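Generate the whole structure from the sequences, applying the supplied hints.
Quick mapping for you: the protein sequence lines, in order, are chains A and B. Position 549 (the first sequence) corresponds to 549 in my numbering; numbering is contiguous. Position 371 (the second sequence) corresponds to 371 in my numbering; numbering is contiguous.
Hints should not be assumed to be uniformly reliable.
Once the Cα atoms are required to be at most 30 angstroms apart in a straight line, the calculated DSSO-like pairs of lysine-lysine come out as [stated by the list, open to error]:
| id | chain 1 | residue 1 | chain 2 | residue 2 |
| --- | --- | --- | --- | --- |
| 1 | B | K297 | A | K240 |
| 2 | B | K349 | A | K349 |
| 3 | A | K374 | A | K297 |
| 4 | B | K511 | A | K240 |
| 5 | B | K174 | A | K294 |
| 6 | B | K168 | A | K349 |
| 7 | A | K297 | B | K349 |
| 8 | B | K240 | A | K294 |
| 9 | A | K374 | A | K623 |
The hints are simulated quantities; they were obtained by calculation from the structure and are not laboratory data. Small disclaimer: the values here were computed from a predicted structure and weren't measured.
There are 2 protein chains.
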Amino acid sequence: MLCYGPCCRSQTPEEWYFRPSHRDSDQSLHPSKFQLGAAQHGESMTDSVVTFKGYRKRAVMPNGSNILDAAGRLEIGISSPCGGRGLCGKCRVIVEDGLQNLRSASPIELTSLCQDDVKKGYRLACCATITRPGNIVVHVPPESSIKQQRLLVAGIEPPIQLNPPVHKHVLRLKPTTLASPRSDVEILLDALSSQTGQEPMAIGHNALTQLPVAIRDGNWIVTVTLHQNREIISVEPGNKENRLYGLAVDLGSTKIAAYLVNLNQGKIVATASSENPQIPFGADIISRISHASKDEKSLQQLHGVIVAALNRLLRDLCVEAEISPSEVFDAAVVGNTAMHHIFLRINPKFLALSPYPPVVRSSVNVPVRELGLKASPGSYVYSPPAVAGFVGADAVADIIATEIYKSESPALLIDVGTNTEIVMNDGHRLMACSCASGPALEGGGIEHGMRAETGAIEQVYVDAENLEPGYKTVGGGAARGICGSGIVDTVASMLKCGMIDRNGRIASSLKTPRIRPGFKQLEYVLVWKAETSTGHDIVVNQHDIQAIQLAKAAIYAGTAVLMAHLSLKSRDIEKMFLAGAFGTYVDPRSALMIGMYPDIPLNRVQFVGNSAGSGARMILLSKEIRMKAERIARDIGYVELGADPSFQREFTNALYFPHREISLFPTVDELLAK
Amino acid sequence: MLCYGPCCRSQTPEEWYFRPSHRDSDQSLHPSKFQLGAAQHGESMTDSVVTFKGYRKRAVMPNGSNILDAAGRLEIGISSPCGGRGLCGKCRVIVEDGLQNLRSASPIELTSLCQDDVKKGYRLACCATITRPGNIVVHVPPESSIKQQRLLVAGIEPPIQLNPPVHKHVLRLKPTTLASPRSDVEILLDALSSQTGQEPMAIGHNALTQLPVAIRDGNWIVTVTLHQNREIISVEPGNKENRLYGLAVDLGSTKIAAYLVNLNQGKIVATASSENPQIPFGADIISRISHASKDEKSLQQLHGVIVAALNRLLRDLCVEAEISPSEVFDAAVVGNTAMHHIFLRINPKFLALSPYPPVVRSSVNVPVRELGLKASPGSYVYSPPAVAGFVGADAVADIIATEIYKSESPALLIDVGTNTEIVMNDGHRLMACSCASGPALEGGGIEHGMRAETGAIEQVYVDAENLEPGYKTVGGGAARGICGSGIVDTVASMLKCGMIDRNGRIASSLKTPRIRPGFKQLEYVLVWKAETSTGHDIVVNQHDIQAIQLAKAAIYAGTAVLMAHLSLKSRDIEKMFLAGAFGTYVDPRSALMIGMYPDIPLNRVQFVGNSAGSGARMILLSKEIRMKAERIARDIGYVELGADPSFQREFTNALYFPHREISLFPTVDELLAK
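Okay, structure coming up:
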């Protein structure tokens, strides 16, 4: 089996099917990182105790809260892509005891759950509201559990000139005397000015509190840390010049990747990642925004869990690198604009309302103490600039890491996610847009969709003769569902084999037992139930295909609008960067087959992994890169697709596989002709 | 009865005795302000419950802590001028139950307490260590209780040009559109620049979090608050231009005076004061420094109680003025250098060690959130510059309020306290020093000394014929002890009547039952026990007189050293400002009689009350005054008395009443001759 990741890009397109998955070698996180105790408030006579079987966790919950709230508090991952709004029906749990303490099943639940399941105690966690104090015992079935997800922390990183905004100086101080009494600050600033030529500067409150003891403990030798050559943010006793670290974070809606970097050497000293603990509050950005906008407390809650997660990652990184978190003097956090706002405790409500304005686009330096981040208490978190409400600092980091801004020939960058950012350079200027590609490409909103976790079908190949599929699961075991790359493979295969037409309609006339009428629509059985771990057939149905159509049409249409703005044709694009987890794992041939991106030669496609993380590291390490990021964010053209007159037409045309105008996709045309 | 406060300065010296006390009209604080619940940590099997009878308060305390710790946690004021070091014997309490749970009486206690008292359950609170878990019931007898102290919040205040560093602008914003999407920050900064001509400026994190909701709630009209024309610290919806308040605080070792000021009008809108809740940790500065230097936790503790007290005062002020604490956008806090350091959570340890360097002398602006002060979350506390380790920002505030720096003829400022600051202007330049005058002038370290609380003898007049005293107590009831002004009156009277000689020795040959041998020394009975509320005779003994001698000698010697440095004689001084509570209540004739300050005509003496508080208000209200404060602190000459060769000689000479060289005190010489 072959690979067409950055490592194996020389393979021919024909050799691509059945590449080995790089995912298999992902370094899994130790499960202990997800078993942290949760804060519980005091128990009172009006509270219930909700126990989660198999997790050894229980929460004391007031009347009016629900099972999903309890899971959220305990950081137990229950699928809830709709954000607990009773829409998706994914948060199925089995209440094994205490059903009488819950409100009886709502109409929503009776629609989502079959009669048998209801008898067995199945409920939707978001609808199961506690009405009476007592004990409730809950079992989370495998189909609802967000198991530990394998996360992508790698990425490219072009070489840069090391010049971080924080640096250290060792100072020898002149002790004060009775004859000429001077304050510690005066002594320090004099030494700084005479020994380093630094201008007099502000001294932060943290440094002020460290100063007197540091001076005496260090026997009149201290190490100061300067931020932006403007402020002394720390004073340590003795020579601590070598202890200068920074934290770079890619704050994704789904995953968080964190890197501990030695700022003297520019090297990563430890890497860690975790799920975004906000997932229980909504899988997609809009659900999160909706939760965070409810009230001050909800915003604080989403902000709090993300900061707590960063603090856990920071602690783990520091343990691994054998340093103290107080030796981390800078941080750069990138994320989409919603994540950015919530992380900074800024209400993201208006990001979701037309005209979708971000509160702040420019970069900000926020004291870590304002956010509760447990790095050196005087230090700042740098949050790079964003382009627009849905083209965030993560996209800016992508641009930095791929260096697409330097390209002198047309280049394209697509960072696929629930929200897909698209950046194009025509060789002279950058232009960006963002499209809502929905959760389908990450397995959301799909009948048997799931994230790329153990048991997810990630690769599919269908035999054109007998229409029998081959597939591969994450981890290699029995199939549990199907993730984004698997769905794209399936749809591409179905198209190639004629099981669907270019409208996406499933053909009902083919002689195969795998195509059959489902509950309301035709479906293709990918895995018979005997081979699954769920005991149900795993199918891709007409609705799933439609979801993929919508997603890929949005991405293509966004790309097409940018191409039109920059007067480019598909073949002009000399380089395409595919970023993000999906963008790394998807079979680009399948993606091309369904028309997700313009028909360009596959050797122009470069997989860049988590380039937002790479960009965050570069931003952490260099003042020049920060200035570059500011310039990029300021100068980049932005197209608001909702306001662009051609977008709707492009989108409608792109709903066809691969496109209404097949001539735009000669490669696919040729393959279909075969 | 007459007064010689600022109101009645026209009275002749002869009319001064038996002036009515301005204290009587002090506005007492409502007792509820001192009954706040205290934080208690969780109870465990190794904890004891200490209940204070009559206070309705109990604390859960671990083994190893003592009764004074419990009182401190509950903010129950128990006298402990030595800071709980087992030295002063003032923290007597009666353990009514649970004696078996305490370590048995220590040798220190057996020395301080008589056999009878020990039998009655008397213990020293600081020595009564809990050794076994259980219940302990404590009664605090009147002699140990720090009752609510009447505090001085008045002060002079010269007119100033209003120009506070914070100000507000109402802005009409241009809504963003889909065609040209802009961030909230861009819209705000554009409006600020176009409508007010302000340069683009930083936007603080608090303002950032307020911005999106303020814009929409205010229907695109917002009010921004600018700090130093450099940073937007707050954004409020609609027009809130009139709601601009500031907090000025004089943070004394003993009392805290707080003023809520309308920054648009420069007027005080509410005034409040309270005891410094650090008193249980030590009455004098050195004890506080000693406690705060123990470890990080102790510093945090002293810092925490002072911030909590400020927050209570702020809340009370805001309730009175019917505003929200979030409408308080600036604060200026003055205090001696130790108070300053502890308030800013800076370790004050080295202030007490030669060469007594302060950590910081220059002014600092610290974000309120760093300190936990609950004003508008984006605002800053301004802490004015200090002169030296023991001449703090309070002295600078004194200088500002008295305008002594403007004087073109020689002037003297004495702010009497445990630590007395002395400032002199020879008409050309300022010079300052500080002397440890000890607690005697505030009733500390005196056999029956007490603070100026209800029952304290504050004025004394002795009949020269029969040596019988007349006296007046604070509140007018039965005497409980004697406060600073009463002691000074007594000593001056004794000197005048020949009961003590110029060495301070009590004459044993006089025919009066009031002079008698005490336990170890002669004593003068001021009040027979029948007239007291304590059931003991109230006496002034030889040791008390010695304490006053030491205190007044230190103050005079400091003044003399400054006069020598500036080549001035007593008669050259054309104005003397007496500041601070003692300095306002003491009879200046008595103070002159004992030689506390140079012999100058009494009509040159001006009582300025709490001029540090007045200075804090002026500093709050004007950027120019802040710059003036910076200049004063930078340019003022400072004499470290410990390093001055003449101080010891001056001090020894000043130990005499009024001075070894009587020719320096012609007024006293004349009176004594009578």
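Against the structure, the hints come out as follows:
no., hint, result
1, K297(B) / K240(A), "holds (25 angstroms)"
2, K349(B) / K349(A), "violated (49 angstroms)"
3, K374(A) / K297(A), "holds (22 angstroms)"
4, K511(B) / K240(A), "violated (75 angstroms)"
5, K174(B) / K294(A), "holds (26 angstroms)"
6, K168(B) / K349(A), "holds (26 angstroms)"
7, K297(A) / K349(B), "violated (41 angstroms)"
8, K240(B) / K294(A), "holds (25 angstroms)"
9, K374(A) / K623(A), "holds (23 angstroms)"
Checked against the numbered hints above, the structure breaks hints 2, 4 and 7 and satisfies the rest.
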